[in-house]
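Enquirer: Sequence:
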Amino acid sequence: MSDSQVRIAAGNTIRSLHADLPVNATFHIWLKATKPDVPGSLSFSNVRGKFGEVSVANAEEHEFRIFHVFGGGSVELDYDADQTSVSVAYWFALADVLETGITVLHTNPGNAPPNIPDSYHFRPPFGWMNDPNGFGRFGGRPHLFYQHYSHGLRWNTMHWGHAVSSDYLRWRHMPIFLFPSEDLTARPDKRGGAYSGSAIPLADGPGIRVFFTEQVQDRIPEQQIQLTATSSDLIMAGDAHVILPYRPLDQGLTADFRDPYVFRGPDGLWKMLLGSQSDEGGVVLLYETRDHTAATGWTYVGKLLVEKHYRTTAIECPCLLPLDGPATDPATRWVLILGLMNSEDQSTRRKNLTMAIVGWFDGRTFAKEFEQELDFGTDNYAFQAFADGDAIVGIGWLANWADTGPAIDFPTAMTLPRNIHLSAGELHTPPIGAAESLRSHILDRTRLAAGEQVSFINGAVEILFELEKPGAHFHLKLQHPTVRLEVVVDDEGLAIRHGDDAVESPHYIAKGARPKRLRIFLDYGSIEVFADRGRWAGTKRISGFDAVQSARLIAETGAILHATVWALKP
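So for the sequence shown, the UniProt record's numbering puts the first residue at 1; every next one is plus one.
Derived from the structure by calculation, the hints contain no laboratory data. Accuracy of the hints is not assured; some may be wrong.
Said to hold, decoys possible - Below are the PhoX-like pairs computed for lysine-lysine, each with C-alpha atoms no more than 25 Å apart in a straight line:
1. LYS569 with LYS511
2. LYS308 with LYS368
3. LYS477 with LYS516
4. LYS308 with LYS32
5. LYS32 with LYS50
6. LYS569 with LYS351
This structure is a prediction, so every number in the text was calculated from the model and none was measured.
Could you put together the complete structure from these sequences and hints?
Expert: Here it is, written out as structure tokens:
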């Protein structure tokens, strides 16, 4: 239980945060001074009086500084808002935080999350978010780490945020897991931090080992290097050490060298993929180690893939998984997923595509069988997946670098988690089965199929309908306050038509698609389309958080066999 209020004392504005806490609670508080030569500070008191204070020297320390404070009972946190800025304050009980999560006491308005309690997509409790990292099941629970900046809605020095779940849909927010180096924290002019990466179970005990790229802008000779750290409690990472301080020599690579994805190869060795760029195009680099802990001994194997399509520059966030059998079986197909940074399909004007390439991996080489786009809507970027038992589960950033940058406030979400599997020689990426648990109640069974307008009670909706034959034409018109939005099948294929008066929208289309069954998820700020159980998937971010208000399905008589509209609830 917590609350906050403002009071005036001695002519200054004193802000007071109140919390009723268990014994041995831990606070994480970020603060900085706002005036030169005047220290910023925050004090702690309870019924017995003041028991602690934290301070930061002066306003020349541009970045917020984090403090760990321990206490319990009924606690007041007081600071003078004229002299001290507090960005984020939360508390947690270390003994049960994995079951209960953190409790946020305070966020500045500039980094507060949107107030949309009906939304069912994952969003951080404060600040900026981009790529999913270290996605996996550890200690019996799904864990999601992600690129994060706590103190604003714009990209900045990267941390790893963290959340845990039991079903991949309902998440508990954890303490910040991984921090940038002290040098970067003290030098906001040197952008970078703890970039994207992956996680594996510890070899010799409970916990995880994480791998990530550290970037320091203008560092010589390497801006991007690879580090590893461990966490035995799954709550915070320990000290990191460098495992790859340099790019491979004599490979014609640019300074891009990032996003380590670590996995077991068919030969039982730990493998690592990294994204880079060369004169030939985007590159996936392959490393391996004989160290069973994966902590040391990483050696360069070679270029696993060179991607020349769509004017790709660097490859980002590669991952590689066995699809239709055990990793040790030479007949097993693998799927290689990679983001094509700065790519553009000139025929549709879509940028930063994500490709899924199916083939065979023997531990050192990859032989392609076929490839397809992972998502024709392109706002399923930096996708990361892992094998959860017999199923592959993945999640992506519900956004695209074509729409944002360091100077834009950009609150976003993660996509619905998806499975990946082969069916009849094609790759399918349907939403996980647990997505049906989001259904609250049926809004309509007959009116949408009859061509009537169906109104929604909020912005969280699932629409499911089936066509009389594959590729039957239809227009699903979605009424949105600021955007023209439709899902269409016509002679050209399956498309999300997204219109914004300010910018000409790319043509989001799966060319040649002739689906029979459509499943469409609407949420505040997004649409996700799954056709024929994930044979085609399209994800599109919608600017802002206005709700889609209603839908009308237009088709020839008899073309729609049935349609159902569900209200969803997280």
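Enquirer: Does each hint hold? Answer for all of them.
Expert: Hint by hint, here is what the structure shows:
1. LYS569 with LYS511: With Cα atoms ~33 Å apart, LYS569 and LYS511 exceed 25 Å; violated.
2. LYS308 with LYS368: holds (14 Å)
3. LYS477 with LYS516: Measuring from Cα to Cα gives roughly 18 Å; hence the hint holds.
4. LYS308 with LYS32: violated (47 Å)
5. LYS32 with LYS50: holds (21 Å)
6. LYS569 with LYS351: At roughly 32 Å apart (the allowed maximum being 25 Å), LYS351 and LYS569 break the hint.
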